[in-house]
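*Asks:* Sequence:
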Amino acid sequence: NGNLRELHIDKAMTVSNLSPYKAPKFDEANPEVIGKCKYFTTSKYKLNFTNKRFLVTDESYLMVSCVSGEGTIEGEKISKGDPFFAPAGVGEIEVSTDGEIEIITVQTI
Numbered sequence: 005n006g007n008l009r010e011l012h013i014d015k016a017m018t019v020s021n022l023s024p025y026k027a028p029k030f031d032e033a034n035p036e037v038i039g040k041c042k043y044f045t046t047s048k049y050k051l052n053f054t055n056k057r058f059l060v061t062d063e064s065y066l067m068v069s070c071v072s073g074e075g076t077i078e079g080e081k082i083s084k085g086d087p088f089f090a091p092a093g094v095g096e097i098e099v100s101t102d103g104e105i106e107i108i109t110v111q112t113i
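Quick note: to get my numbering, add 4 to the position in the sequence shown (first position is 1).
Misleading hints may appear alongside valid ones.
Stated by the list, open to error - Okay, the calculated beta carbon distance ranges per label pair:
#1 Thr61 x Thr18: 19 to 29 Å
#2 Asp86 x Leu59: 13 to 23 Å
#3 Gly79 x Asp14: 52 to 62 Å
#4 Asn5 x Phe44: 35 to 45 Å
By construction, these hints were calculated from the structure, which means they are not laboratory data. All figures in this text were calculated on a predicted structure; none of them were measured in a lab. Glycine included, C-beta positions come from ideal geometry on N, C-alpha and C.
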């Protein structure tokens, strides 16, 4: 409608982080854990077309999300934004990508 809206510059400045962004370093053997609670763990991997196998036991499941790049999961093509769900007890899942993936697993209690 052409109405101007109020800007909250002072409030924005108090919650802004102006320090330079440092990209995380990835190690496929030691992924970056980006979230963890008593139920789930979310980890980020950068694989560079390395084949990585994940074991999906009867007590868990595996949710994979392709964050960047493209590759394959169990021979099926994936690209940025694609999700993949492996139900409990399915066994080993092979993932290969040139980008980053996020893995969500159930915590063993």
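*Asks:* Hint by hint, note whether the structure agrees.
*Replies:* Taking the hints in turn, this is what the structure says about them:
1. For the pair Thr61 and Thr18, the supplied restraint of 19 to 29 Å is violated, since their beta-carbon distance comes to about 46 Å.
2. One distance hint, 13 to 23 Å for the beta-carbon pair Asp86 and Leu59, holds here, with the actual separation near 21 Å.
3. The supplied range of 52 to 62 Å is met by Gly79 and Asp14, whose beta-carbon atoms lie about 54 Å from each other.
4. Remark: the range hint 35 to 45 Å for Asn5 to Phe44 is upheld by a beta-carbon distance near 44 Å.
Hint compliance for this structure: hint 1 alone is broken.
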